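Enquirer: Build out the structure end to end from the sequences listed, making use of the hints.
What follows is each chain in one-letter form.
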Amino acid sequence: MDYSRQLFQYILSGLSNGAIYALIGFGFAMIYNATGIINFAQGEFVMLGGMLTVFFLTVLKLSIIPAIVLAVVISTIVGICFERLAIRPLKNAKPLSLIIITIGASIFIRGAAMLIWGKDTHAVPAFSGNDPIYIAGATILPQHLWIFAVTILIIIAGRIFFNYSITGKAMRACAYNAQAAGLVGINVKNMVLLSFAISSAIGSMAGIIIAPLTMTSYDVGVMLGLKGFCAVIIGGMSSGLSTVMGGLLLGLLEALGAGYISASYKDAIAFIILLLILFIRPEGLFAKKEAERF
Amino acid sequence: MFLKKQNIMTEKRQQILVFFIFATAVLMVPLFLKGSYLLNVLVFVGINTMLAVALNLLLGYAGQISLGHAAFFGIGAYISGIITTRFPIDPFLIIILAAFCAGVLAFVIGFPILKLKGHYLAMATLGFGVILYIIFNETVDFTGGPSGLSSIPSLHIGSLVFDNDWNNYYLVWVFTLAVMLLSINLFQSRIGRALRAIHDSEVAARVMGVNARVLKVQIFTVSAVISAVAGSLYAHIMTFIAPASFGFNFSVELLTMVVIGGLGSIYGSFLGAAILTMLPEFLRVFQDFDIIVYGLMLMLITMFMPGGLVGGMQKMAEITVAKIRKMKGKNAQA
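As they're listed, the protein sequences go chains A and B.
This note's numbering puts the first residue of the first sequence at 1, with every later residue one more than the last.
This note's numbering puts the first residue of the second sequence at 1, with every later residue one more than the last.
Some clues are possibly wrong.
Each computed PhoX-like pair below joins lysine-lysine, with the alpha-carbon atoms no more than 25 Å apart [unchecked claim]: (1) 119(A) / 266(A); (2) 315(B) / 330(B); (3) 315(B) / 326(B); (4) 91(A) / 189(A); (5) 94(A) / 330(B); (6) 266(A) / 169(A); (7) 91(A) / 169(A); (8) 328(B) / 315(B); (9) 61(A) / 119(A); (10) 12(B) / 315(B); (11) 326(B) / 94(A); (12) 330(B) / 91(A); (13) 117(B) / 91(A); (14) 169(A) / 189(A); (15) 94(A) / 328(B).
Covered, in the sense of this in silico footprint (three residues per stretch, anywhere, with C-beta under 8 Å from a C-beta of chain A), are these stretches of chain B [what the hints assert, rightly or not]: (16) 94-107; (17) 118-132.
It is worth saying that the hints were derived from the structure and are not from the lab.
Just so you know, these numbers come straight off a predicted model, no measurement behind them.
All C-beta atoms, glycine included, are put in the ideal place defined by N, C-alpha and C.
Expert: Here it is, written out as structure tokens:
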């Protein structure tokens, strides 16, 4: 009995972390599909979301909702500036240059955050209290429910956007074949800009909802960004839903590994999975993407 | 045809000449800096140059990125550190052992990792680096964990102990110069040409009969071995090591050195290593800003000066020469 309760607890916390990885992975996949770039700065938007919320809450003393909205808006603006200033001027650059540029941007954003907000770790209050809820002997915090709810909402919204709105369809067209999309009158440049805007918004949202559980500081982006990338590799870049599955699977494996194998190697588990998948199915994952990118 | 061959010969001779001038300058420097703090900084410039050249072999020659090179540096440092603090064996033997271990590891993981390209290669090497960083941190019984491993003995040859800046300078720079000479020769060799072919187009290189898969793994292995030797030297010179020196941030710092110096340029790697090692030492203000400045340098140099500082200077020199020629031509016409 005790054993199954423990297992259930691990599964719950694994799924909530997994949801965060899924959201971050979603941002990776969106930019990759629009531009073929893996944005190494993705994790920094997650950090920005959390840190900006802390800033608005504690320094400007805003209440939680305007603080979150402002944090998402500002992160999105940073994402847009990043695309305009660093990505767009480099048309047809080699992958190597693009990797180095997004790494540069990631360090720059992290450094700026460190200068502005210092090196301290900050706590963000939970959205609706810290009273644990008991489900089948396992405890769950209200914040976990928030994470599940926000993730599901964002994924549903994404699905509707990409399948039913004209802009969403245009973005899918660009992902499928940018040249052909340009020929039928879609402004490909704007779609790329939009993909950066959306993925930085989603990234910052992920950072905001996880901040109350894990605390936040200027350097949380690196690890979270990498885990999001693992999620995308596990699930595949092809569709939103498989990224979500990848994220949840990663979260679960990590939680179970930390619980039953070794807590101190928790972070290593994600990377071992990443390497194994890249080694075993390096082309298999791409092949799926070639057939259908969104 | 004959003429062309002669040109290559002179180019090679020119390169060797430049190298000997550089080497002489490097070996003369301590004479002017005896007892100065600068000498201590230059020891670390030497270690970082070695690492930057190693990464440049992979990144600049073969066009394959690695974001986990600090891990090989760490392997060298920890193997030397752990064994020499426990057993009274000649540390130089352990350097060879460390280099061998790093080489075997690089060779084994090289095959699956270097199958990947571009962003995926970057992520896989990064993942490898993070895994090793976690191992350095968590195997407390061996590495001392986050608080580090101390009292690593200094290197010695007979009664010559490498425990002061003067001796360390020569120790490090003999290794560094050897690595630089090796890399310059490699660039001019058949292997170097094959690597550059892979850099430009792997498919075309394969079509021409270059065994790209094996060659990439080989250069990755060479690069890892050099990094491990640098790590061993670092451990013996510092006599203290901690995982923080071998993390992702240091991998990025190495990348920055190579990029700002110039991809594929050996002297560029030296320049990049010198700049990144000396700036924080001399600009105290720089301390808090270093991370932001690295980020900016990486972005701006990649965007506006793809050849790095050395490439940029060469270009500038070419433009000036062309201008002077033009002026001369005009004068002659007049």
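Enquirer: If a hint holds in the structure, say so; if it doesn't, say that too.
Expert: Do the hints match the structure? See the list:
no., hint, in the structure
1, 119(A) / 266(A), "holds, 24 Å"
2, 315(B) / 330(B), "holds, 22 Å"
3, 315(B) / 326(B), "holds, 16 Å"
4, 91(A) / 189(A), "holds, 11 Å"
5, 94(A) / 330(B), "violated, 40 Å"
6, 266(A) / 169(A), "violated, 39 Å"
7, 91(A) / 169(A), "holds, 24 Å"
8, 328(B) / 315(B), "holds, 20 Å"
9, 61(A) / 119(A), "holds, 21 Å"
10, 12(B) / 315(B), "holds, 21 Å"
11, 326(B) / 94(A), "violated, 34 Å"
12, 330(B) / 91(A), "violated, 38 Å"
13, 117(B) / 91(A), "holds, 20 Å"
14, 169(A) / 189(A), "holds, 15 Å"
15, 94(A) / 328(B), "violated, 39 Å"
16, 94-107, "violated (count 0)"
17, 118-132, "holds (count 11)"
Checked against the numbered hints above, the structure violates hints 5, 6, 11, 12, 15 and 16; every other hint is satisfied.
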